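Visitor: Here are the chains, one letter per residue:
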Amino acid sequence: MSGVGRQVQYEENASMGRGKPLESTVQSCLDGMGISLLSEWDVLAFVYRHGASLASSDQIAHLIGYESTVVKAALDRLESEKLIERSRPSEEVRFYRIFASSDAGRQRRLQQIVSLAETRVGRLLLAKRLKPDGSNRDEKNNRIS
Amino acid sequence: MSKDGLIKTGITGLDDILLGGIPRTNVVLLQGVTGSGKTLMGLEVIYHGIVQYNEPGIIVVFETNPNKLVRDAAAFGWNLEELQEQKKLQIVFTTPQVFRHELRSTDSLLLETANEIGAQRIFVDGIGLLNRDLGGNAPERAGFREMLQQLFESLDRENLTAIMSLEVGSAPNSMATVEMTDFLADTVIQLGRDRKGRRIQRSLEVLKSRGQDYETGEHTMHITEGQGVQIFRRVQAPSRAGSKQPTSSTMRSVIGVDAVDTLIGGGIFDGSTTMVVGISGVGKTVLGTQILREGVLKQKTKGLLVSLDEHPAQIIRNAQTLGLNLEEQVADGTIQILFESPQELDVDAHYARIIKLIEEHDIKRMVIDGMTSYSTAIGELAVYRDFVHAIVAYSKQRLMTSFFNYENPEFLGVSSYMPDFPLSSIVDNLILMSLVEINNSLHRCISVVKARGSKHSFDTREFVIGQGGISLVPLERNLLPPVPLQAYSSLLSRAPTRFSGSKRKNGAAAVQDKE
Numbered sequence: 491m492s493g494v495g496r497q498v499q500y501e502e503n504a505s506m507g508r509g510k511p512l513e514s515t516v517q518s519c520l521d522g523m524g525i526s527l528l529s530e531w532d533v534l535a536f537v538y539r540h541g542a543s544l545a546s547s548d549q550i551a552h553l554i555g556y557e558s559t560v561v562k563a564a565l566d567r568l569e570s571e572k573l574i575e576r577s578r579p580s581e582e583v584r585f586y587r588i589f590a591s592s593d594a595g596r597q598r599r600l601q602q603i604v605s606l607a608e609t610r611v612g613r614l615l616l617a618k619r620l621k622p623d624g625s626n627r628d629e630k631n632n633r634i635s
Numbered sequence: 003m004s005k006d007g008l009i010k011t012g013i014t015g016l017d018d019i020l021l022g023g024i025p026r027t028n029v030v031l032l033q034g035v036t037g038s039g040k041t042l043m044g045l046e047v048i049y050h051g052i053v054q055y056n057e058p059g060i061i062v063v064f065e066t067n068p069n070k071l072v073r074d075a076a077a078f079g080w081n082l083e084e085l086q087e088q089k090k091l092q093i094v095f096t097t098p099q100v101f102r103h104e105l106r107s108t109d110s111l112l113l114e115t116a117n118e119i120g121a122q123r124i125f126v127d128g129i130g131l132l133n134r135d136l137g138g139n140a141p142e143r144a145g146f147r148e149m150l151q152q153l154f155e156s157l158d159r160e161n162l163t164a165i166m167s168l169e170v171g172s173a174p175n176s177m178a179t180v181e182m183t184d185f186l187a188d189t190v191i192q193l194g195r196d197r198k199g200r201r202i203q204r205s206l207e208v209l210k211s212r213g214q215d216y217e218t219g220e221h222t223m224h225i226t227e228g229q230g231v232q233i234f235r236r237v238q239a240p241s242r243a244g245s246k247q248p249t250s251s252t253m254r255s256v257i258g259v260d261a262v263d264t265l266i267g268g269g270i271f272d273g274s275t276t277m278v279v280g281i282s283g284v285g286k287t288v289l290g291t292q293i294l295r296e297g298v299l300k301q302k303t304k305g306l307l308v309s310l311d312e313h314p315a316q317i318i319r320n321a322q323t324l325g326l327n328l329e330e331q332v333a334d335g336t337i338q339i340l341f342e343s344p345q346e347l348d349v350d351a352h353y354a355r356i357i358k359l360i361e362e363h364d365i366k367r368m369v370i371d372g373m374t375s376y377s378t379a380i381g382e383l384a385v386y387r388d389f390v391h392a393i394v395a396y397s398k399q400r401l402m403t404s405f406f407n408y409e410n411p412e413f414l415g416v417s418s419y420m421p422d423f424p425l426s427s428i429v430d431n432l433i434l435m436s437l438v439e440i441n442n443s444l445h446r447c448i449s450v451v452k453a454r455g456s457k458h459s460f461d462t463r464e465f466v467i468g469q470g471g472i473s474l475v476p477l478e479r480n481l482l483p484p485v486p487l488q489a490y491s492s493l494l495s496r497a498p499t500r501f502s503g504s505k506r507k508n509g510a511a512a513v514q515d516k517e
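Top to bottom, those sequences are chains A and B.
Take 491 as the starting number for the first sequence in this note's numbering and just add one per residue.
Take 3 as the starting number for the second sequence in this note's numbering and just add one per residue.
Please note that a few of the clues may not be correct.
Unchecked claim - 30 Å max Cα-Cα, derived DSS-like pairs, lysine-lysine:
1. Lys572(A) / Lys70(B)
2. Lys562(A) / Lys89(B)
3. Lys621(A) / Lys572(A)
4. Lys572(A) / Lys89(B)
5. Lys10(B) / Lys210(B)
Claimed, not checked - Footprint (simulated), chain A over chain B, 3 or more residues, beta carbon under 8 Å:
6. 56-70
7. 89-97
8. 107-117
Think of the hints as simulated: they come from the structure by calculation, not from any bench.
Computed from a predicted structure; not experimentally measured.
A virtual CB, placed ideally from N, CA and C, is assigned to each residue, including glycine.
Please construct the entire structure, taking both the sequences and the accompanying hints into account.
Guide: Printed below as a string of structure tokens:
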């Protein structure tokens, strides 16, 4: 088996064999943060990775490959869950930042899941656990075609 | 904050090139190809602005992930995350379209943020992206130029010192972008990344800087892990130390090595430069070591030995075998040893390290061992010459007594002091150490060929290397061969000739005898 093949096999084993406790961890983190859609996670991850982002929701949608309406909805939801904060608008452009929560448990859950999401196994788990509603543009185009 | 209207970059060597810094509110453009260090340099200017000069800053990125920027900065010991938490720094990810609009808007969120943290510096990484989607035809280029002007005007209005990076590349409108931006920016710094032989050499050149003088030409740039960017002024640049410094002295100092002091007339002028020429193994390094050691012990002057050939441990060990306890002087800092491998020697950085040691330790005697290695390490003859001229000029300005060891490849006899580069006219004194074959044994000889302003001996004297280093063989002492050295003429040639017995003391008669 090639080196790449071995890596894939390991990841599959990890998701199947050791996955159950990991899945529970992921689920509890997501529940604790109030995230149920993959689009919400992807928008949150974008804001987390980019620190203070000065952009419009359309531009964020363009960068992460989602419909604008989906991203707008996600941003609204994330703000209501106090996961992100956004500044006043300046011609549809706002600053978007991760909400500096005083809840240490919440911060820890966020960091935990961000670390997990940086692995292929973690990404697959999130994709499995979160609803695909608010699909991205590519998926929609594929369905249409 | 600088009191002279200049902002300091804080980058090692760069503020010296800029003769103090950059005029406040100048728009600074860092341009160069991929990998030339533009982003790093911009980052470092912002970082030092905060940490050293208490000037908060903003970093604007269009394509780079801010988290990666923070990660990469950490490799140099810069904790950007902490600075953001302290509200002294804000890294902003945005798009070119948003940025184009923001700085021209009275309702700007970016400027609001800058005001909130009291930002005085802003770094924009990738200003060329502002032109990318405007296209390359004439009206669009005019539009970009106008946009740049508005951008610079608003930065000026906000009294922000802006540093911008611009990638010089192969994109269709790249050169037009560069030309426009170069014209509008106040300070333009070009970063180079060129292949030299099989290695990559980084460089920096200030192309223009309104409102100030600066060191022109291409200077060497290093990126050092844990430190950041370092700029080394090119050795060819004339010193600005000032012509008021004396370049000569009437004070003579005893060298402390009998061989030299005896032949050179009792001592050499302080601040003079001496070339010691000789074949490998004749004793140049021993002489140099002795000179430095005697300087510490008898003259209370600190010394520096610069070597490309031998590691300090080896130098100390070899000195020890001759009873010269160099280790003691090295340990107490009265003698410094700078060793650099001649492999891919960076002459600007090497020169800067020499100067730094001299100034930090107030060095009064220096030995460079050996000049031949510089010739092969540097490669280009013109650069080698410039290096030698620079070090000689510096020595004289500081009234530092310097010795340069040069390995002449000619084993027996000397037809040319320095075949590859006629340096002998530059130095004040020239000492020749050679091997002479008498009967079937080699003898070491030393002679002073030149000593400016001194009544030196023209005799060639035999010397030996033993405990304590080099010492002259007494004139009256008979060593093997039985006939003393003074019985021969043409000692420096390949075929010394013995005087006849009755004519030994009469040089002119000896010539007749030979004929």
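Visitor: Decide, hint by hint, whether the structure agrees.
Guide: Now for the hints, and whether the structure bears them out:
| no. | hint | result |
| --- | --- | --- |
| 1 | Lys572(A) / Lys70(B) | 25 Å, holds |
| 2 | Lys562(A) / Lys89(B) | 29 Å, holds |
| 3 | Lys621(A) / Lys572(A) | 20 Å, holds |
| 4 | Lys572(A) / Lys89(B) | 21 Å, holds |
| 5 | Lys10(B) / Lys210(B) | 17 Å, holds |
| 6 | 56-70 | holds (count 3) |
| 7 | 89-97 | holds (count 6) |
| 8 | 107-117 | holds (count 6) |
Violation of the numbered hints given earlier is absent; every hint is satisfied by the structure.
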